[in-house]
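Asks: Chain residues, written in single-letter form:
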Amino acid sequence: MSASAAVAVHSLWTTAAEPAADRIGAPAIEYAQLAPTLIVVGAAVVGVLLEAFVPRRARYHAQVFLTVVALAAAFAAVVALAAGGHATTKAGIVAMGAIAVDGPALFLQGTILLTSMVAVFTFAERRLDPAHHGHRVDSFAAEAAAVPGSDQEKAAVKAGFTTTEVFPLVLFAVGGMLVFPAANDLLTLFIALEVFSLPLYLLCAVARRKRLMSQEAAVKYFLLGAFSSAFLLFGVALMYGFAGSVSYARIADVVDGSVADITPALAGTMGNDVLLLIGFAMVLMGLLFKVGAVPFHMWTPDVYQGAPTPVTGFMAAATKVAAFGAMLRLLYVVLPGLRWDWRPVMWGVAIVTMLAGAIVAITQTDIKRLLAYSSIAHAGFILAGVIAATPDGVSSVLFYLGAYSFVTVGAFAVVTLVRDAGGEATHLSQWAGLGRRSPLVAAVFAVFLLAFAGIPLTSGFSGKFAVFKAAAEGGAGTLVVIGVLSSAIAAFFYIRVIVLMFFSEPKPEGPTVAVPSPLTMTTIAVGVAVTLALGVAPQYFLDLAGQAGVFVR
Amino acid sequence: MENLIALLVAAPLLGAAVLLCGGRRLDRAGHRLGTLLAAASFVIGAVLFFDMLGRGAEERALHQHLFSWVPVESFRADIAFQLDQLSMTFVLLITGVGTLIHVYSIGYMEHDERRRRFFGYLNLFLAAMLLLVLADNYLLLYFGWEGVGLASYLLIGFWQHKPSAATAAKKAFLVNRVGDMGLSIAIMLMFTTFGTFAFGPVLAAAGETGEGMLTAIGLMLLLAACGKSAQVPLQSWLGDAMEGPTPVSALIHAATMVTAGVYLITRSGAIFNAAPDAQLAVVVVGAVTLLFGAIVGCAKDDIKKALAGSTMSQIGYMILAAGLGPIGYAFAIMHLVTHGFFKAGLFLGAGSVMHGMNDEVDMRKYGGLRKYMPVTFVTFGLGYLAIIGFPGLSGFWSKDKIIEAAFAKGGTEGWILGAVTLLGAGITAYYMTRVMIMTFFGEKRWQPAPDADAVPSAEPAAEDHAGRMPHPHESPKSMTVPMILLAFGSVFAGGLFSLNSAFVHWLEPVTAFEHGHPPIGAAAVTASTVVVLLIGVGIAYAQYGRKPVPVVAPRGSLLTRAARRDLLQDDFNHVVLVRGGEHLTRSLVYMDHTLVDGVVNGTAASVGGLSGRLRKLQNGFARSYAVSMFGGTAVLIAATLLMRGV
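Line order of the protein sequences matches chains A and B.
So that you can map any letter, position 45 of the first sequence is 34 in our numbering, and since no number is skipped, the others follow by simple counting.
So that you can map any letter, position 261 of the second sequence is 456 in our numbering, and since no number is skipped, the others follow by simple counting.
Each hint should be verified, as a subset may be incorrect.
Below, a sample of chain A positions facing chain B; criterion: calculated Cβ distance under 7 Å [to be verified]: (1) LEU213; (2) LEU266; (3) PRO284; (4) MET287; (5) PRO333; (6) VAL334; (7) TRP336; (8) ILE351; (9) GLU498.
Every beta carbon over 10 Å from chain B, so not counted as near; a handful from chain A, in silico [said to hold, decoys possible]: (10) GLU19; (11) LEU38; (12) PHE54; (13) ASP140; (14) LYS143; (15) LEU187; (16) LEU191; (17) GLN204; (18) VAL225; (19) PRO290; (20) GLY337; (21) LYS458; (22) SER506.
None of these hints come from the bench; they were simulated from the model.
Glycine residues also receive a C-beta, built at the ideal position from the N, C-alpha and C atoms.
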């Protein structure tokens, strides 16, 4: 709006007489560099409109199409940015200092988008359950708001309703996740956290089968998530009190002592290390909650078990990528000067997480809970790479996240296939002898389990090797020893499942393996392909992660 | 051009993947696809060969680096190929003979319902074997080495419903493990000594390394070669391996895989040249096996087992030649190639005979088949003339050179080795003449196949023959054409290679070459070879041609009976290894149960118990989860502050 136009408008809210210097300028937004996020969030908004205006029977196809196209377009935008040098030479801070566009951000965004894309295929799967009243059904409730077992629910099922809202919800969540590892100030970090968390709470609640369990999981996740968000927000406030700013770069400068000027209003608190350390511990706690590190992991098994399995796969993979990305940026950009303070604490968390995840997993009897504990143990392994505090540490974590997320999505996709009359058959005893009846599915699952266990020629080995190597070179030898020991413990229960599948007699009324549509097949095939490719020839991707390993400040 | 090298391996590998994963829908076209991809690999090999000929002798080697598999500091596991003259020779042999045998198998396995799988395994074998000879480092070679072992195991036991085939496959696998251990130890020793296992640096540095270490590496490599190439003392598996389908015996257990040991020793020539003790061991192994195999071959009535003994013996020649150093490497490889032609041809001929005789393998029940199977007779006959070293045919040129080189070794050793190789040539003539006469000449000795131990074959058609007289007939075109082509190789290859010593000059940049001078003159050696050959043929004719062959084998002398039992190899292994091993295992099992299991189970139980207790913390109440988070945060804060000492 030009100055003359502004003068012409007189209203209660504007005064033309103000001097130009005092006005708040329009923020400069680099739309091109924010394109991935904008595309996804824009598509999510369009998705909401589709829910409102498109007839019910066309919604499913419209939503799936929109979601896949949006994710693909956003991924293309990420690739274009990376090819244009924004990952390396042209890396920079955009959107008035709120968002960083650099190597790690683009690498993680690319990973999140690809993982989400294959995860969305499992969301759209409609062939696993037999059709109800002539309507194809997916993993989501006919009408999520209906009380389980009520007449309303029955009517919704009979009418063939489906919860197509899951697609815009996923897009919103992905939008938040894209911002999370790129957030360059604490407030953006918090907002991104909420933007991706809220849709996830909802998604957890909309399972078609075992609805009460699903709702219980959602409520638990929401309560505990809100609890941890409060901690995080309080930590943000304390850090602001310390530095007089929420910007990462500014806080880092204050930590280094390179900024001497003190904001008058904060004279009493600025530069007070106690505020910084307490605030840091609280922000860190918020992030550790999201990655499921001990002792902030308690929600993981319950939520992973209760949520619809496609959501679990999506959540387990993409949330972890986003949260570890944010953690890396926080530790490497804001707090490198505090390395000697946070490393011992993180050591402790990593050790407890690796051991607890692996040990408790041994006695699990439900495949989804087993995978949940496995994801906890993996969070511990990744923390070992984070602790390295070297460029190699960053790239190894990036690689691990990429490798791990595809294995996870693939593994949960396989879980959706093994079914009996009551839906998914997740009790381990039901998986006995699966290899006799469905050798292909069992073999694929075995590949994923071997990757989780870190057996050579799978991506799990390359990833684990990279993080342990980085940790050892970063002076965390003890951590590596504990990591290898807990890998050994973890290998026990992965192999146990393989033994169960291939060397046990199948039960007479065991579950059947549903034949999925090409959607889920694609998910599983991509998972296997990436797992093997990163295991057999990891060097290219290690190099890619290595090039992407420098944060902009 | 170097980018084509990976395709050599990729084509059959693709075939194996498609055929083995493709499922039943490929049953009808699978064999064609497999054959086509084998042929594609051969065409690529031929293109590379002519390209190689276009360059000077020193610039012929090509390298292709695909990627590094997890490089850690100095540890570089490169997936990289090297195509030099030695590899090229193998590539052409493997893909050429391999393709012919694929074609042959189309006919031979026609009635087998698992034919698609068979071709998948064959393609897998080709891929692994090509990887073995194309690798540019010992680690990748080891990968191929294990790959051919796997393919060999799968194919020997292809008719797994026969317990004898399953046992034979297991035996081959186990015996090969012993050799494979040798190779892996050799590779580890190399890495500690040289810091790398790429051919270039290892072989270049071999000259400046301590002889003790080189001898150790050399002996371990020899152990590996003994396992794969069925040399004494690891020879026992080859005879049993004949349980596999005959094309497998021809391709894997005669022409290609069993010669991998010769390749390994030739490739590692620089190590052996600098370790005379290891080299002596190689020569001794070769000489002993040469006679061992030949003697076994004389006593066997099973046509395939007789040929297997012969294979063992011929590879003994090659190993012996490779152990002679630069005077022998080129001839070892030359004999390897010519042997590849005539032995594959002989096996295919044997398969053709069995095909016409209801899978009967006992030569005492053959006889007079030349009238019924003219093509098989002629091609088999040419292979026979080649293997006994009839002047002018392939085997003559290569074997004669090895005998000359053995004499040229010099000193007492030279005389002994020369005498052994000469004697071996005589015995070869004897047992091959015996095979030839018993199969194609004399009276018909066919008998109805007994009902009881029905024909040991997977071919459903054979079931119908049970209890009836065999009707010998010529095999179909798909089987005879490969035999004819191989017969051409058996006749002409040796002569072509020897024109102006073409083969020796071709290999010289890789293996180095010194001209050996036998103390009695080359002409004298050749003359005595021919004389010994005629004596061998004569004795065989006197024993089998002049008198009717009894259908039931006579009791025979002590040596004959021992030879029928493979010179007591299995009895020896049983007494020394199996019994000893059992005692060792029993004591180990005792230790394991009492000590190791105690520790392991104790650990497992305590981890499990801990797990059970920790699990109770997960009680399902959001409130206790929140408490744990709160407590965790408090500890985080406290620890952070404590670290700072605030």
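Asks: Each hint: holds or not?
Replies: Now the hints, each set against the structure:
Against a cut-off of 7 Å between C-beta atoms, the interface hint on LEU213 (chain A) holds, since the closest Cβ of chain B lies about 6 Å away. Taking 7 Å as the C-beta contact cut-off toward chain B, the hint placing LEU266 (chain A) at the interface holds, the least distance being around 5 Å. The interface hint given for PRO284 (chain A) is met, as the beta carbon of that residue sits about 4 Å from the closest beta carbon of chain B, less than 7 Å. Checking MET287 (chain A) against chain B: minimum C-beta separation of about 4 Å stays under 7 Å; hint holds.
Taken as an interface hint, PRO333 (chain A) checks out: its beta carbon lies about 5 Å from the nearest beta carbon of chain B, inside 7 Å. For VAL334 (chain A), the suggested interface contact is upheld, since its CB lies about 5 Å from the closest CB of chain B, less than 7 Å. The beta carbon of TRP336 (chain A) comes no nearer than 10 Å to any beta carbon in chain B, farther than 7 Å, and the hint placing it at the interface is violated. Interface restraint check: ILE351 (chain A) against chain B, minimum CB-CB distance 4 Å, threshold 7 Å, status holds.
Among the interface hints, the one on GLU498 (chain A) is violated; its C-beta lies about 28 Å from the nearest C-beta in chain B, farther than the 7 Å criterion. For GLU19 (chain A), the non-interface assignment is confirmed: its Cβ lies about 36 Å from the closest Cβ of chain B, beyond the 10 Å cut-off. Taking the minimum C-beta to C-beta distance to chain B, about 35 Å, the non-interface status of LEU38 (chain A) holds against the 10 Å cut. Every Cβ of chain B is farther than 10 Å from the Cβ of PHE54 (chain A); the closest lies at roughly 32 Å, confirming the non-interface assignment.
The claim that ASP140 (chain A) lies off the interface holds: its Cβ sits roughly 30 Å from the closest Cβ of chain B, which is beyond the 10 Å cut-off. Against the 10 Å criterion, LYS143 (chain A) stays outside the reach of chain B, whose nearest CB is about 29 Å from its own CB. Every C-beta of chain B lies more than 10 Å from that of LEU187 (chain A), the closest at about 18 Å, which supports listing it as non-interface. No Cβ of chain B approaches the Cβ of LEU191 (chain A) within 10 Å, the least distance being about 17 Å, so the stated non-interface status holds.
GLN204 (chain A), annotated as away from the interface, keeps every beta carbon of chain B farther than 10 Å; the closest lies near 13 Å. For VAL225 (chain A), the non-interface assignment is confirmed: its Cβ lies about 14 Å from the closest Cβ of chain B, beyond the 10 Å cut-off. The Cβ of PRO290 (chain A) does not lie farther than 10 Å from every Cβ of chain B; its closest approach is about 6 Å, which violates its non-interface assignment. Against the 10 Å criterion, GLY337 (chain A) falls within the reach of chain B, whose nearest CB is about 7 Å from its own CB.
A Cβ of chain B approaches the Cβ of LYS458 (chain A) within 10 Å, the least distance being about 7 Å, so the stated non-interface status is violated. SER506 (chain A), annotated as away from the interface, keeps every beta carbon of chain B farther than 10 Å; the closest lies near 19 Å.
Of the numbered hints given earlier, the model fails hints 7, 9, 19, 20 and 21; all others are met.
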